[in-house]
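If you're matching them up, the sequences are chains A and B in order. Sequential numbering of the first sequence, starting at 1, is according to this note's numbering. Sequential numbering of the second sequence, starting at 348, is according to this note's numbering.
Since no wrong hints were added, every one of them can be taken at face value.
With a Cα cut of at most 30 angstroms, we get these calculated DSSO-like pairs of lysine-lysine:
id, chain 1, residue 1, chain 2, residue 2
1, B, Lys396, A, Lys257
2, A, Lys155, A, Lys26
3, B, Lys603, B, Lys639
4, A, Lys49, B, Lys603
5, A, Lys256, A, Lys292
6, A, Lys292, A, Lys257
7, A, Lys49, B, Lys604
8, B, Lys502, A, Lys155
9, B, Lys604, B, Lys639
10, A, Lys256, B, Lys396
11, B, Lys373, A, Lys155
12, B, Lys373, B, Lys396
13, B, Lys502, B, Lys373
14, A, Lys49, A, Lys26
15, B, Lys502, A, Lys26
Output of the computed footprint for chain A on chain B, the stretches with three or more beta carbons under 8 angstroms from beta carbons of chain A:
id, region
16, 374-387
17, 471-479
Source of the hints: derived by calculation from the structure; they are not laboratory data. Remember, predicted model here, so these are calculated numbers, not experimental data. Quick reminder that beta carbons are idealized off the backbone N, C-alpha and C, glycines included.
Protein chains: 2
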Amino acid sequence: MKGTLALEMPGLPVMANVELENALRKLIAERGLPLYRMMGFQLGWVDEKGEPLNHPSPDRTHGALALASAQAVSGDFRPAIRYAVAVELVENFSEIHVDVEDGNTERAGRSSIWWTWGPAQAINAGDGMHAMARLALYDLRLDGTTPDRVAAALKTLDEATLRLCEGEYLDIAYQERLALSVNDFLEMAEARSGALFGCAARLGAMASPQGTPQAADSLAEFGSKLGTARQVAGDIAAFWGEHERDQVQQGRLIAKKKNLPVVHAMATADATTRRRLGDLYVQRVLDPSAIKTVAGMLEASGSRRFAQDTLARLLAEADSALASAGLDQKGTEMLRMAARQIAGATG
Amino acid sequence: MKGTLALEMPGLPVMANVELENALRKLIAERGLPLYRMMGFQLGWVDEKGEPLNHPSPDRTHGALALASAQAVSGDFRPAIRYAVAVELVENFSEIHVDVEDGNTERAGRSSIWWTWGPAQAINAGDGMHAMARLALYDLRLDGTTPDRVAAALKTLDEATLRLCEGEYLDIAYQERLALSVNDFLEMAEARSGALFGCAARLGAMASPQGTPQAADSLAEFGSKLGTARQVAGDIAAFWGEHERDQVQQGRLIAKKKNLPVVHAMATADATTRRRLGDLYVQRVLDPSAIKTVAGMLEASGSRRFAQDTLARLLAEADSALASAGLDQKGTEMLRMAARQIAGATG
Chain A
1 MKGTLALEMP GLPVMANVEL ENALRKLIAE RGLPLYRMMG FQLGWVDEKG EPLNHPSPDR
61 THGALALASA QAVSGDFRPA IRYAVAVELV ENFSEIHVDV EDGNTERAGR SSIWWTWGPA
121 QAINAGDGMH AMARLALYDL RLDGTTPDRV AAALKTLDEA TLRLCEGEYL DIAYQERLAL
181 SVNDFLEMAE ARSGALFGCA ARLGAMASPQ GTPQAADSLA EFGSKLGTAR QVAGDIAAFW
241 GEHERDQVQQ GRLIAKKKNL PVVHAMATAD ATTRRRLGDL YVQRVLDPSA IKTVAGMLEA
301 SGSRRFAQDT LARLLAEADS ALASAGLDQK GTEMLRMAAR QIAGATG
Chain B
348 MKGTLALEMP GLPVMANVEL ENALRKLIAE RGLPLYRMMG FQLGWVDEKG EPLNHPSPDR
408 THGALALASA QAVSGDFRPA IRYAVAVELV ENFSEIHVDV EDGNTERAGR SSIWWTWGPA
468 QAINAGDGMH AMARLALYDL RLDGTTPDRV AAALKTLDEA TLRLCEGEYL DIAYQERLAL
528 SVNDFLEMAE ARSGALFGCA ARLGAMASPQ GTPQAADSLA EFGSKLGTAR QVAGDIAAFW
588 GEHERDQVQQ GRLIAKKKNL PVVHAMATAD ATTRRRLGDL YVQRVLDPSA IKTVAGMLEA
648 SGSRRFAQDT LARLLAEADS ALASAGLDQK GTEMLRMAAR QIAGATG
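Chain A extracted, bound-state conformation (with noise of 0.2 angstroms):
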């Protein structure tokens, strides 16, 4: 997936995507141990050497969101720096795992955590990096937060993260499932993608003054929903994208990852399609020509329109949980405008 920065992001201020890659790097630059290396590696700031890299466009997608929902309800991403440093570090804890179990060798245009350090070295380094993420929200104490909205941050991430390895754990079971209905799969994709990026919302909410709970559970119903959202516009992208399929997206194509178009087609496409989808999905590599026979296929039993009208879907009920967050007309136009391109930003 293309990388998104926070200074991108509609209506959030340049110097937020810079404060966050400040509050990021003092965390992790300033440790000694080259463990801390490989996190700067996945955070997109050195090579493989530890050598600096000259353009550095990572994603943050995920913090971006919570310094928008920040922004959104009282006006200013500040608050809120140290809870998107944790989100984005649960993020990139996950990437680095995921990498190792779906077998990606690349990440981004370079190589994989794994693919360079070796499976244990990966493994470890996201563990580290999983301690991390709360270790930014304890300095929140620094900053004068109370400990009871400390210990809320960090049960709002702990439970957002936890629903994130229960995504993931559907994700891998179904890859031997041929059968599986269009609601397991958005469960599985609510858990795995939504909550992480609810929780990011949520947290945004949380940090700013003026977050009133019913905000905050608004802003998480609204992030969970887009995240959702993103994942299917990847799944659509990965068969019809305007850009060639990246190493994770290829990735997932060549492990049987399920993505809602093929789950819809052998859900509900007739028996003939349905069989030679089976034959086609249990082969052990899909090859691009593969690929395009079952693109074909998804497009004449309206899976890819299945899919494009879940997306929007999954979008209106964005918006609609927006609108009951009791924001004002900027800030709602503002993460209205960011919804699309979070959910965009997978093509």
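Keeping the supplied structure of chain A fixed, place chain B upon it in accordance with the hints.
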């Protein structure tokens, strides 16, 4: 390593083990997804199919130390139950990941998680257990624990987890190195094996109404020395143990993970011994006769003796940290006996 039940720990009431198990089960066994069945398998409650095991004897040494520490500080283990649950979950998530990292096919006489469910599910199940470790601590709020105490416990746990990852990083990195100083090794062992025991003992003090900051710091030092001693005792037992080497010890030898007698010999023995040891140690697999040869060389170079002296020194340092904790005689004596058992339990 052989399991050590909490109830076997000197001075700790039998009920401590029962209550720890109940609290662990309450957190995990009530959840529905098969993800949690994998965790139940790791924790020793069920077999691969989710059927209850008849004679579970899971290792709960880390949790037991937290309970023993609270018992020694204030005569009551009960306030430390949730803390003990959290420490056990960190230890077990780490074991799940180490088994993938080291390729251990067995643990505690049963298949390891990755060997049964594959590495992808194992990595993810470990991540889920890592997140759940802290969910146990949030529940302290239900008991009326103040948010600042909850936040302090969480931070203690995460800092120890990060230190554990630093130690694991070094342990993996040292596989490739022949030359290593004894101090390098002991720093790794302190991080990899001492940090979480230190955290367990500290949390026991923090959980106790009578736990002073001095008691917490001294017991953290006590636990850290103890955990380091336990790794050294395991290193000695890997060559000269009374029992057959278990799969985890075997895995460490096969993977050329560093252990203290070998590090000492490579740093201090004569050139001939070092060359022969190097030759044996770079073989892909150390077969039993090679291990016997290595053991003889380590004996001759005084490295067995050195490791035994180091073990004795670490235990003396643990005793001296314990003496400065300000406990009454009964509590001190109880933890001194527990220490002997924990350090010896690796044989």
